[in-house]
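Could you slot chain A onto chain W? The hints should help.
Each chain, written out:
Protein chains: 2
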Amino acid sequence: MPKKAVLIVIDGLGDLPCPELKGMTPLEAAKKPVIDSLSAEGETGFMNTIAPGVIPGSDTAHLALFGYDPYLFYFGRGIYEALGAGFELEESDVAFRANLATLKDSIIKDRRAGRDDKYMKELYSSVDGMKIEDIKVISKHTSEHRGVVIFRGNGLSNLITDADPHKTGEKPLESKPKDNSLQADKAARLLNEFTRRGIELLSNSEWNQKRVKEGFLPGNVILLRGAGAYRKVDSLEKRFGIRMSCVAGGALYKGVARFVGMKVLNVLGATGDKNTSLKAKLDAAVKAKEESDIVFLHIKAPDSFSHDGKPVEKKQFIEKIDKEVMKEIKENFDVVALTGDHSTPCSMKEHSGDAVPVLVWGKNCRKDKGIFSESNPSPTLFIRGLDVLNILLSKIEKLDKFGE
Amino acid sequence: MPKKAVLIVIDGLGDLPCPELKGMTPLEAAKKPVIDSLSAEGETGFMNTIAPGVIPGSDTAHLALFGYDPYLFYFGRGIYEALGAGFELEESDVAFRANLATLKDSIIKDRRAGRDDKYMKELYSSVDGMKIEDIKVISKHTSEHRGVVIFRGNGLSNLITDADPHKTGEKPLESKPKDNSLQADKAARLLNEFTRRGIELLSNSEWNQKRVKEGFLPGNVILLRGAGAYRKVDSLEKRFGIRMSCVAGGALYKGVARFVGMKVLNVLGATGDKNTSLKAKLDAAVKAKEESDIVFLHIKAPDSFSHDGKPVEKKQFIEKIDKEVMKEIKENFDVVALTGDHSTPCSMKEHSGDAVPVLVWGKNCRKDKGIFSESNPSPTLFIRGLDVLNILLSKIEKLDKFGE
Chain W
18 MPKKAVLIVI
28 DGLGDLPCPE
38 LKGMTPLEAA
48 KKPVIDSLSA
58 EGETGFMNTI
68 APGVIPGSDT
78 AHLALFGYDP
88 YLFYFGRGIY
98 EALGAGFELE
108 ESDVAFRANL
118 ATLKDSIIKD
128 RRAGRDDKYM
138 KELYSSVDGM
148 KIEDIKVISK
158 HTSEHRGVVI
168 FRGNGLSNLI
178 TDADPHKTGE
188 KPLESKPKDN
198 SLQADKAARL
208 LNEFTRRGIE
218 LLSNSEWNQK
228 RVKEGFLPGN
238 VILLRGAGAY
248 RKVDSLEKRF
258 GIRMSCVAGG
268 ALYKGVARFV
278 GMKVLNVLGA
288 TGDKNTSLKA
298 KLDAAVKAKE
308 ESDIVFLHIK
318 APDSFSHDGK
328 PVEKKQFIEK
338 IDKEVMKEIK
348 ENFDVVALTG
358 DHSTPCSMKE
368 HSGDAVPVLV
378 WGKNCRKDKG
388 IFSESNPSPT
398 LFIRGLDVLN
408 ILLSKIEKLD
418 KFGE
Chain A
18 MPKKAVLIVI
28 DGLGDLPCPE
38 LKGMTPLEAA
48 KKPVIDSLSA
58 EGETGFMNTI
68 APGVIPGSDT
78 AHLALFGYDP
88 YLFYFGRGIY
98 EALGAGFELE
108 ESDVAFRANL
118 ATLKDSIIKD
128 RRAGRDDKYM
138 KELYSSVDGM
148 KIEDIKVISK
158 HTSEHRGVVI
168 FRGNGLSNLI
178 TDADPHKTGE
188 KPLESKPKDN
198 SLQADKAARL
208 LNEFTRRGIE
218 LLSNSEWNQK
228 RVKEGFLPGN
238 VILLRGAGAY
248 RKVDSLEKRF
258 GIRMSCVAGG
268 ALYKGVARFV
278 GMKVLNVLGA
288 TGDKNTSLKA
298 KLDAAVKAKE
308 ESDIVFLHIK
318 APDSFSHDGK
328 PVEKKQFIEK
338 IDKEVMKEIK
348 ENFDVVALTG
358 DHSTPCSMKE
368 HSGDAVPVLV
378 WGKNCRKDKG
388 IFSESNPSPT
398 LFIRGLDVLN
408 ILLSKIEKLD
418 KFGE
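If you read the protein sequences in the order shown, they are chains W and A. Under our numbering, the first residue of the first sequence is numbered 18, with each subsequent residue one higher. Under our numbering, the first residue of the second sequence is numbered 18, with each subsequent residue one higher.
Isolated chain W (complex conformation):
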C-alpha cells in the first residue's frame, strides 16, 4: 500500500510568552493530548520557513513549504490571490488584489466601503473590459468589498508600488516603478490611469446611486495592491513525481497550491476564519488521501487571533484543532507533519522572524524526547520550509536517493 502523508499548517502558530497566559505561549498553554501523543512518538524541532530571522509572508511561506524556493518562484501576491479566486491566468498577466473603497473630497474615508457586498459585483463589472493603451482590464468581485483586477497584455512588470495607501484619511497613491525598466514604468502608468478612470466611472455609477439611496457607503474607487506577474512553473508532479491536494479556506493558500499544481478542493464550510468547519475540512482531507501522496490542510484562525492580539482565543482554537481534527488525522495517515507557516506573536500582532515548532510523526520516524513547542528540551529537527517536502517524501518512501 502506498503511504500517505498530511501536512497540517496552523497559520501563525509560533508565538512569544504572553502575560495573559502566565508567560506561556498559546501553544504551551493549550491542552492538546493528541498532539502531545504525536510528539511523544515522533520527531520534533524548529523550522525557519525561509531562513532564520527572515519574516515570511503568507505567500512566500507556503511556496517554501511546497518545495518552491520563494527567492526563485515568488512573483508577487496578486497572482496567487487571483489563482485562488479561480481565475485562469495567462503568461504575462499582471494581477492585483482590489478593494472597493469610499472616497470623499478625494480622500479615502473607508477602505472597505462599509465591508458589505451590496451591488459590489456590478461595480466591479462596470470597469471590466476597460482598455488602457494596449492592455485589457479584467475586473471581478470576489467577496464583500474585495475583488481581483488583472491587466492582460504584454510588456508589464509587477515591480510597482501600490495605489492603495493601506489607511484612511489619504488620497489614493500614485504608483511608482520599483526599478528602471520600461515594463515597470508602463505598469505604474497604467495603474494610475486605471485608478483615475475608475473613480470617474464609479462616481457616476447608477449602482452607487442605489447604494447611497439604500443607506450604504458608495464604492467609488478601486484601490489596487500587491501586483503580481504570472509565469507558469513546473508542477509538483513534474518536479517531484507526486500528487498533492489542498484543503484550505482562504483564497491565497488555494492560489499558491494551484500555482504549484495541487488539486484544490472546494470544501463547503471551509471559510478561512474562526467559524470554519473543521469537521468538513477533516473529512475532505481524509477523502483527498485516495488521490494524493500528500494532503495539505491549512487552518487559518490562530493567525487571525494573533493579528488581533488575542492569545487566549488562539490557545482555545489550538485546543479545538487538537480535539476535532488530530485524532482522526492520526488514524488516517501514515505520516503527519504539523507546523505553522510562520510565527505571529500576539504581542506584536504581526508576522515575526521567529522559528516555528515542527513535528513529524508516523512511518519511518524517529522518537526523540522533544515536545511540540517554542521551547524544546530535546529537538532533533532544525529545518527550513524548503526541507519539509523532502522529509515527507522520504518518510512515505517516494524520494529517490541522490547518488548511489
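These aren't lab readings, by the way, just hints derived from the structure by calculation. Glycine included, each C-beta is placed from N, C-alpha and C at the ideal position. A few of these clues could be false.
Pairs of lysine-lysine residues, derived as DSS-like cross-links and limited to a Cα-Cα distance of at most 30 Å, are as follows [stated by the list, open to error]:
hint, chain 1, residue 1, chain 2, residue 2
1, A, Lys380, W, Lys380
2, W, Lys384, A, Lys188
3, W, Lys21, A, Lys21
4, A, Lys337, W, Lys386
5, A, Lys184, W, Lys415
6, W, Lys386, A, Lys386
7, W, Lys384, A, Lys48
8, A, Lys291, W, Lys384
9, A, Lys184, W, Lys380
10, A, Lys21, A, Lys380
11, A, Lys184, W, Lys384
12, W, Lys20, A, Lys327
13, A, Lys337, W, Lys21
14, A, Lys188, W, Lys418
15, A, Lys366, W, Lys380
16, W, Lys386, A, Lys20
17, A, Lys366, W, Lys386
18, W, Lys418, A, Lys384
19, W, Lys327, W, Lys255
20, A, Lys21, W, Lys306
21, W, Lys380, A, Lys39
From the derived model, a few chain A residues whose C-beta atoms are all more than 10 Å from chain W [to be verified]:
hint, residue
22, Arg94
23, Glu217
24, Gly232
25, Arg256
26, Met365
27, Arg383
28, Ser392
Leaving out everything else, chain A in the frame of chain W:
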C-alpha cells in the same frame, strides 16, 4: 606542534528505533564508554549530510563530507569506483561499474556468475581494447565477479540509464539517454553496442568453456551500471591548503578520496566488511597523522548490517569500534570528529533522509551536555556534511578568517 584531526565515518550509522533492541537504536543500545567520554567532553548534535530529508548516496555523502558540494562535484558513481580501484582516468572518460553475469536464453540467471573470481581476469581482458566507433574500451577485473569498464574518447556524457537491470530473470536493459544531448545519445548507443558485442565475445570464450568444465557458471555478459564522467577538480590542498589521508576498505570511499586529492593508503586487512582488521586501520590512521592535517577513517560494516536488517549485529560492531579503535584514537589525535555518512535504518534496509548524530571532541572544542545519539537532550551542532571540513579546520587552527 601542528594539530591533527581525524574524521571517523561509521557508514550508515543513524537508525530508527528497533524492536529487537527494546525500541532503542543500535547506537543507543551499544555500550561505548570511550565514545561516551568523548561526547561528555565535546560537542554533539545532528548532521544532515546533504540537506534535511534528502537521501544521500554513499558517493554524494562523502563528497559533501570532504567539502565538495555534490550538487557541483558529483559526476556519477562509476568514476569514483574506477579511481578507487586504482585506475588513472583521463578528462572526458566515462567509467562504469561492471558485473560479469550469467545469461541463459537471453535472460540473466545470476547477476554475479556465482560470485567467484575464476578466470574473471581473463574474461574482463577479453573485451579490453575493443573499439566502438571512435571510442576505446578499457576493461579490467577488480574482485570476484566485479570489474571496471571505461569508454575512452570524446563526446560522451554520463547521463544515461544502466544496462544492468539490478535483478535476475530479466534481459540486459537497453540504455537510454537521460537528456536530449548528442553526448548522452552517443554514450547510450555505445553502451548498448558494448553489451551486445560482449555477449558475443564472451559466449564463445575459451575461458568460459573452462569455467563450465570446472563446474562454474559462465560469465557471458558484462552488465554495466553507474556511468560517471571524469573531470579533474581542484584538490583539497589547492582549495583548502591541507593534506588529508584516507584509510578505507571499500573502493568507492578510496575513489572519492582520490578524486579530491587525498593520499589513499593501502592497508592490509582493511576489507570494507565485518571481517576487516580494525587494528590495521587504526595503526594506519595513527601513522598517517605524520603526513596529514586530517586523517579520514572509514568503517563500513555497520551499514552492511543495516542493509541486511541486523540491528543486534550493528550494535555489537559499534561496541567493537568503541573497544578496539576509539581509545587509541583519543590518545593520538588533537581533534576527533565522529559521525556517519547517512542513516540506514535496519527497519528500512536502505539509506534514509534522517539526520546522523555527530560528535566533535578535542582541542578548541566546547563542552555541551549532549550525547552522541539519534535523540539528544542538549545538542549544539546542527550542521550539513559540507560544514564538517570547516569545523575541523577551525579546530586545528588551519582555517583563515573570512573577511578581516
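field: Hint consistency between Lys418 of chain W and Lys384 of chain A [alpha-carbon to alpha-carbon, up to 30 Å]
entry: Given that 30 Å is the threshold and the Cα spacing comes to 35 Å, the pair is violated.
Ser392 of chain A remote from chain W - nearest C-beta pair above 10 Å: 4 Å, violated
- prompt: Can the restraint linking Lys366 of chain A and Lys380 of chain W be considered satisfied, given a maximum Cα separation of 30 Å?
  reply: Cα-Cα ~14 Å, so holds.
query: Is it true that the CA of Lys21 of chain A sits at most 30 Å from the CA of Lys306 of chain W?
result: 54 Å, violated
message: Can you confirm whether the C-alpha distance between Lys337 of chain A and Lys386 of chain W stays at or below 30 Å?
response: Cα-Cα ~27 Å, so holds.
task: Given the hint that Lys21 of chain W pairs with Lys21 of chain A, test it: the Cα-Cα distance must not exceed 30 Å.
output: Outside the cut-off at roughly 48 Å; violated.
message: Please check whether the beta-carbon of Glu217 of chain A is more than 10 Å away from every beta-carbon in chain W.
response: Consistent with the label, Glu217 of chain A stays out of reach of chain W, its closest Cβ about 29 Å off (over 10 Å).
query: With d taken as the least Cβ-Cβ distance between Arg256 of chain A and chain W, does d exceed 10 Å?
result: 21 Å, holds
query: Has the given pair, Lys366 of chain A with Lys386 of chain W, been kept, meaning a C-alpha gap of at most 30 Å?
result: 25 Å, holds
field: Restraint check for Lys384 of chain W with Lys48 of chain A, where alpha carbons must lie at most 30 Å apart
entry: Holds. Lys384 of chain W to Lys48 of chain A sits at ~20 Å (cutoff 30 Å).
30 Å limit on alpha-carbon distance, applied to hinted pair Lys184 of chain A and Lys384 of chain W: 35 Å, violated
task: Would you check the hint for Lys386 of chain W and Lys20 of chain A, treating anything up to 30 Å between C-alpha atoms as holding?
output: 37 Å, violated
Taken one by one, the earlier hints fail for this structure at numbers 1, 2, 3, 11, 13, 16, 18, 19, 20, 22, 26 and 28, listed in ascending order.
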